[in-house]
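Chain by chain, the residues run as shown.
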Amino acid sequence: MKKILILFSHPHFEKSRANKLLVDRVKRKDGVTLVDLYEQYPNFHIDVPAEKELLLEQDVIIWHHPFYWYSCPPLMKQWIDMVLEFNWAYGPNGNALQSKICMNVITTGGSKDIYCSEGANGFSVNEFLRPFEQTATLCGMTYYPPFAVMGTYKLSETDLNKYADKYEELIELLQDNMPAPTMKNYYFMNDIPQLKTDAI
Amino acid sequence: MTGSLLFEAIVFLAGAIICVSIAKRLGLSSVLGYLLAGVIIGPYVLGFIGEEGQDILHFAEFGVVMMLFLIGLEIEPKNFWKMRKTILGMGSIQVVGTMLFSYLLFTMLGFDWKVSLVFSMAVALSSTAIALQTIKEKGLMDTTFGTSAFSILLFQDIIVIFMLGSIPLLSNVNLDSGAEGHSETASLLDNLPMGFQTLSIILSVVVIIVAGRYLIVPMLRKVAKVGVRELLIAAALLIVFGISYLMEFVGISPALGAFLGGVVLSNSEFKHELESTLEPFKNLLLGLFFMAVGASINFIVIAENPLTITGVLITIILIKGFVLFITARLFKLKLNQNLLLTFSLAQIGEFAFVLLSFAFQLKILEQSQLDMMLVITALTMSITPIIGMVNERFILPNLGTKESIKRPMDHIAKSHKIILVGFGHFGSTIGRFLRSHGVEATILDHDANRVDFLRKMGFDVYYGDATRLDLLESAGIAEAKILISAIDNPRITREVIKVLKKNYPHVELMIRAKNRYDAYELLNLGIENIYRESLETSLTLAKDVLSKVGFRKYTLNMQVQNFIKYDEESLRRLANENNNEKNYIFKARHELEQQEKLLVQDFKRGIVEEEHHWDGEHIREILKDSTA
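In the order they appear, the protein sequences are chains H and V.
Counted the way this note's numbering counts, the first sequence spans residues 1 to 200.
Counted the way this note's numbering counts, the second sequence spans residues 1001 to 1628.
Read the hints as simulated data drawn from the structure, not as lab findings.
Note that the Cβ used here is the ideal one computed from N, Cα and C, for glycine as well.
What follows is a list of derived Cβ distance ranges for each label pair: (1) D36(H) / V1390(V): 50 to 56 Å; (2) P74(H) / L1434(V): 25 to 31 Å; (3) P74(H) / R1620(V): 26 to 32 Å; (4) T158(H) / K1548(V): 56 to 62 Å; (5) D81(H) / T1540(V): 22 to 28 Å; (6) N1515(V) / N43(H): 21 to 27 Å; (7) N1515(V) / D36(H): 31 to 37 Å; (8) D81(H) / E1473(V): 51 to 57 Å.
Only chain V is shown next, with the shape it has when bound in the complex (with noise of 0.2 Å):
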């Protein structure tokens, strides 16, 4: 039955849609839905999944690479290097902690030492896939708890590569002949010299930084500017695909790399453009690795041995669960959040699955041994979701301390909560405005030269098209307060404000229209702030010219100011009747023939009323009248 890669296709799709649609509407995580769905269509239930479950597992964990590379996106170099004490303090005590307790629980259980050792570092790893998207999934990511898992995992991910260096020293098994197949046993630096080693790690952790300045903006100007969208998401792809590849080829996680890759452009223009375009790729790719978990799941393995699988699988969870308890103590997170972390951390991750078959390889570990062990991390990988929605349900609405998730983050640097949307002549004066009173806009604008020129002149500037929803939500729109549309073209501000009214309409709207014509169109739709690029300027220099001819400047202030009020007026008057018109195809008459009827009201009424205070000769006559 198996075979047909769009037969497999169909079975994965269906899967998740089926499975994640119904955990959702249980109100579970999608991560519950999508190992259920690796179970049902798995080797044990329904069947249509074989033993390519485990190739499926290694190419969907590139769904973790782009995780981690969009994470990285999100956090600035000058906050990640305040996370340091955390990532060092919270990590190493988490892994030395977990080594320790469950060196000691395998070795109890008769394991030989090696054994132990190389199980114990499998089981201090978590799992980034899962904590991490249930994070994310929950909005739990500014919360300290969000942020200790995150530095917890980033450890791991650190320590991973030295773990999986110190493997072959437990062994007697020459490295080449059983390295095949993983990526990690491929790197091409395994036989030299230590040092060696660690030079190329640094080098290309340079590489990176200096690549990502110089090399990735650069390209992802020209892209830009060449205007086909299709090209941005290619290169995208292309960026994280390098910066894996290289990874590969020294021997580091990729997933760290890609993380690291994601901080060098968190600063960059093109922030949210990655963000959005990489987003549904790591949506699907996490989505099939959590599949391909939940299908690699081996019932014949536990029913051959139920009580030792179930047994050793409590105690590695108790064994997590107490140390990241223990860790959050020291770190003083109040119970609930401490609570959270302990269990969204308690299973073993996706790097289990890399260690152990690597030490298989090496001939460290028997088959049964993997085996266990590998049924094992799957298991507890599905566990620790249901755990933690336990804890969710009944433990937490029963503690006193709840931390509002709206708490201002420390670490991560949070969306503005205005928009602006177009840095031509007309925006970047707003911007310039806002800024001088301190209150800094999230800038987007689809001008790839001007997005440039503009960063360098030190302007928070991102390149993009605002008409697609998932570019605004990346800026943060679901936070904004206020949307400032400066754009130039007025069908695109209308588009800009059709997506924003189905979407959000809580964002208030200040809208800059060309002229009339365009304000009337403005406000059929519903917008209230109307800006007229041709209302006040006009004006200003209508008064200078009064000046130069005589009237005095204090009224002429003072009628510029009426004739705004009763322009703006009349504007709302014939919008309506300007709604009423449907035919446009004499738009050029229509608007003539409104422009007559302009100036005949302002004849009729008089613009300039007359102003009587302070008036001598309007006094002398109502004097003379009533003595009169």
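Here chain H stands alone, though its shape is the one from the complex (with noise of 0.2 Å):
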């Protein structure tokens, strides 16, 4: 069974319906860490020598945040900024997180169909998080799609539990080792619109 971390980073986790319901889900599993990263380092003040040790243990890395301003809350980018460190995550000698999983659960606003080239956001999610993509790729990783709850304001307390069970499933998936081709068969791995414009 593959070994998941959790990054999960929330300022308001406190006042969020839909993140409540997915960390319950799954932050008491077999194999699963969950780091609430905004409990653990409420100063900003990163122990990074604690988190890189904590990675290496590690196959697949889960950033779990809700999306905002088209990208992560401020901890979940000081984490990415003082952990992935110069010549350990990346440079000439850094290979520690080499062919590892690494993938992003988000939950947004809005829903899914502004999320598109005719929408008002005029990006798909996975457009925009190319660079989270790219960071993880620097770092010799695998990254997938990735899971987005969206829509979250509208969505009833049945369906966040519904979303809660797919996260859950996830989880499941990946501890089992599925490849990255047939992620992509899973219906919540494809849940953003297909673009007219652009092929992703």
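Two independent chains are provided; combine them into the complex using the hints.
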């Protein structure tokens, strides 16, 4: 079974309906380590050696966060800036994360039909996540497409619970060593609409 | 054999100690133990106590007064107001219903209507002493059963005033000649017209409320400032005695007056102090009261008329139980709560002694009638605890509806989950921040001036010495999750910790430490959460200094956190070494050595670790090496 690290960052977790359900569903699963970054480092003072050590033990790294201004909350970025050190995660001798799997799990307020070339946000979630994709790639990791819970403001408790079920299913698939192409066949991976002008 | 005060005291105390410990060992209520002790030392078994049993009974009734004062302390006025419907509703149904049925019973037994009426009044009243003592002992005060029982008892305390007022109307005897000895009859106001009596009763209630606020509390503050502990005990007793005296003077039940006094003082900072001071007195007096009841059971009367007495006894308990059951039904109590109520209040109470003797003095009752009812009263008081036990052991476990005792209370203010000790500058900052998050801690402080001032500012502060276990207990330590010590004096802090570690190890302790040295001792006491007052503030200052000479604030912020982390680690390391040093004589030198050790460590390790993140220089270095 693959070991999974979920780096969860949410500055207002106590107010998030969707993330509470998602986190509750996966945090106690066997082989899953969930780090609540805003709880662990409220002063943005990240313990880099400890984080590096934890990363080395993992097979899959999940950046789980709400989608703020087409990106992640600042502590998540701080984590990337501080922990993915030059010559450790990347650079001439930087191969600590080589061939691990990496992906984003995000929640967005806007529904998926506004994340396309014809919607208000102009681009798809996959496009917005390019910096994360490239970060993972530069560190030698395999980047999987995101799992996105979209339109959270309008989702009912039942809908959110269905997403939580899917999240759990995703974790189990990752633990079972599902290869990337197979992953893409799962419906929850592809719930971002195909764009008319752009093929991913 | 009797007569010597010391000898009597020895008999009572020994009887109590032996019987109550046996009762407790058997899992029975202490009330039963006391009653049994009374029977054994009384005139019919061992004969240690003779006729004086009745006098002791009157004296010990004072325990009931104290108990009601203490209960009053736990009920804030606004909660009391909320209970008014239960008090009036349940109380009046119970009293009227019981009086009606028992009146029918006594007329059927062939008693005169006046006698039946007096009897039925006596029967309608339950025993506050037995019922509440049992309820409190089992910790059921916060259940619907507990509050219902309490409401009914309170109503009875009120209605007894009118009963005592109406009994003379049944009599042809002039009051003055018969009135001697007993409190209610000794009232100076009896000769005044009804209107004046009512007026004086209202007046005295007002006096209690006003005095509570403007006389008693300021007095307690003055006394607390003197700082002599026994003066506070004296003051607490003075309050209860004073209220009782006033109440007896105008002819109200002293218990009711004491209850009102308690309610008035429940908002004051001395609430917990008064509670813990009076508690032992109350318990001893109540014990004495129960023993006196046991000793007053006249077995000769029983032997003369066993059938009638047993019959009447059973019928009365059935009537009382039936009316209580219906009352509880009407107020929609669940079955198990209903049964608890039914069985706990089914006895005739201590007021019956008063009512009956009063009616006897007025020649409404004959000696034989009085004796019979007194015996029945004492017997019901002894039997209902046994029935209650049977109910709890054998009936309730077979019912499906169990109400959790932990259920949040509707009426009586419950203790907070956090206790904050010490409300000086350090503690008050903590209190303010907690409060800004809606978390209200129960605050204890021993500086009477400060408590006074802070209460004016609207804080829920109580006066008291937190090293005393009983005070912590009245502040609710048993239910508390966290205790914060913001005490200035490290010696007192350690005393509080030792008391708590021993008696309430489950409470999480969060402790203010004066300095490093203090922190070592706390660590060695097993405290995890230590907050040194000389750490973060000093570093904030140092950080600002460095910022003024040109360092960047963000970097300093991160370095301060590094420093704190290393310092906490070294604190824990050095605490162990500190522990090994048994000799504290050279304390100052020892501290200096430690300081030196720290500085050397800082120098060696380099607290300000080089940060290489996004440091262009550093990256260029590495790139140069790898291409070379």
